[in-house]
Amino acid sequence: MPAKPASKSHQTVNVDTTATRTRSKTTDHDATQDADAMPINPTVETGSKRKQDEIEDEENDKSTVDEEPATKKVKVGDEGHADLKKSDSDEAEEEPEVKPKFGATRGRRASKPSGTRAKASAAGKKKADAKTKKEESPDDAELLDESKAGEEEEDLMHEVNGVLERGRIYFFYRPKIDVGPEDEVHDLDDISKFHILLLPRESETRADKQRFRLFFIGKKRLPDRAKGGRDVFWASLHKFGNDFSEFKTAEAMGPRDYETKTKGKRHNEAARIAGRGQYALFSPKPNTPSQRATHLLYYLTHPAPDKIGEIQEELSIYVSGSFIIQIKNPKASNPPRAGLRPDKKAQYGEEVIAEKFGGDAETGTGRRFIAPNPASMLDFEGTEMLMIPEKRAVNEIMTDEKTEQEIEKEATDEADNMSPKDVLNELGLNEKTFPVTALEGDWL
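For what it's worth, my numbering labels the leading residue of the sequence shown as 2, then goes sequentially.
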């Protein structure tokens, strides 16, 4: 594919306070939004009206990628169940007395079973009693599910100051339809979607399995820290799970083929990984309730600082970065052509809406956006989120100096000791389908 003319001017921007963490920055000519304006829906492209075949491609793409979210509902604790008592009509009828047949046992006492017959009779009675007891008692699995639901509800109500969560972060972009494996992506115009994948540290999960979150990011790149709060982006949680081994990354992020009515067979290349790093969710202790904030901070491990390329510049992936993140009240309405449909929004439960958001935003009692604290507030598919870039360096935002230094050191060690192929291996991806060219700083 021939190279496209450059449409952006480059200038040098100091990314971190240290001399080694600098890089060239691309100034984006995209229209920016005010901090209080509703950003665009990540699944809706801006600009002039799209052609019918492009709309059809997007709908087909959504039908092949997006699965009906298994919405996670939080059990909010019922107000109590009605005390159901059996009425006289519900009483079990007494069994009618069965008279023995004439001449059978009349005038005799039934003899007790002995030997093998006695053992068989006792075993049968024991089995019947066990079956009756099982039917009358709640199932152990149901009790366990109710217990877990109660724990999750309690977790959502418990706020934390300091580090909420740590883990690995990955940045992916997917080329537009019909960009072949031999075709090169040159800029944002050749990209259809941009994703962030978060894998929390296993030691901090509620189970032995690895949790994961996959986000769609609006405008197909990260918000630009050079623009600060003027470059507010919209994001939504596309997929959440408690077991990353069941996510099937290669299938979810891999190539797809499908049919359309207007253009017939279409092909969409696999998503390409453009960055990998260490992240933390951090919430400093507020002086007042209105100052509550949750920051998503990261240090990049791949590409290495000296290998940051044009692709990272175009996607606004710095060597390190920080964003204030806020989640939207699912009871709050969206502007036209923005946000998710009501049936696709996160299902927190009424008690969580009342406790965390202060109620229904449409009635005037609740807040439209809040800081996600604890981190489990992000564990609901359909969570809508604002990402507000911060100009300050990570070490200026994260007041937990010890943890901040640990994250930076861990990122530096992994940058030195892990190859791009190692990054693919930890995600279960193969180089043939997911080339590492973009991870090395070059467009692919």
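FYI, nobody ran anything at the bench for these hints, they're computed from the structure. Please note that the accuracy of each hint is not assured.
Claimed, not checked - Capping the alpha-carbon separation at 25 Å, the derived lysine to any residue pairs in SDA-like fashion look like this:
| id | residue 1 | residue 2 |
| --- | --- | --- |
| 1 | K392 | K422 |
| 2 | K177 | P287 |
| 3 | K210 | E427 |
| 4 | K240 | P375 |
| 5 | K240 | K332 |
| 6 | K177 | F370 |
| 7 | K410 | P421 |
| 8 | K345 | K228 |
| 9 | K249 | K422 |
| 10 | K332 | F370 |
| 11 | K433 | P337 |
| 12 | K177 | T261 |
| 13 | K422 | K332 |
| 14 | K210 | T438 |
| 15 | K228 | E314 |
| 16 | K332 | G310 |
| 17 | K403 | P287 |
| 18 | K240 | K228 |
| 19 | K240 | E160 |
What the hints assert, rightly or not - Just the calculated beta-carbon pair ranges, DEER-fashion:
| id | residue 1 | residue 2 | range |
| --- | --- | --- | --- |
| 20 | S246 | S420 | 19 to 25 Å |
| 21 | D258 | E407 | 41 to 47 Å |
| 22 | K422 | E351 | 25 to 31 Å |
| 23 | D344 | T366 | 29 to 35 Å |
| 24 | Q406 | E356 | 22 to 28 Å |
| 25 | Q406 | D443 | 41 to 47 Å |
| 26 | D361 | Q406 | 29 to 35 Å |
| 27 | K422 | S246 | 19 to 25 Å |
| 28 | R202 | E402 | 36 to 42 Å |
| 29 | E407 | R293 | 34 to 40 Å |
| 30 | E351 | V161 | 48 to 54 Å |
| 31 | G229 | E441 | 42 to 48 Å |
In this text, a Cβ means the ideal position worked out from N, Cα and C, and glycines have one as well.
Please list, smallest to largest, the hint numbers that this structure does not respect.
1, 2, 6, 8, 11, 13, 14, 16, 18, 22, 23, 24, 25, 26, 28, 29, 30 and 31
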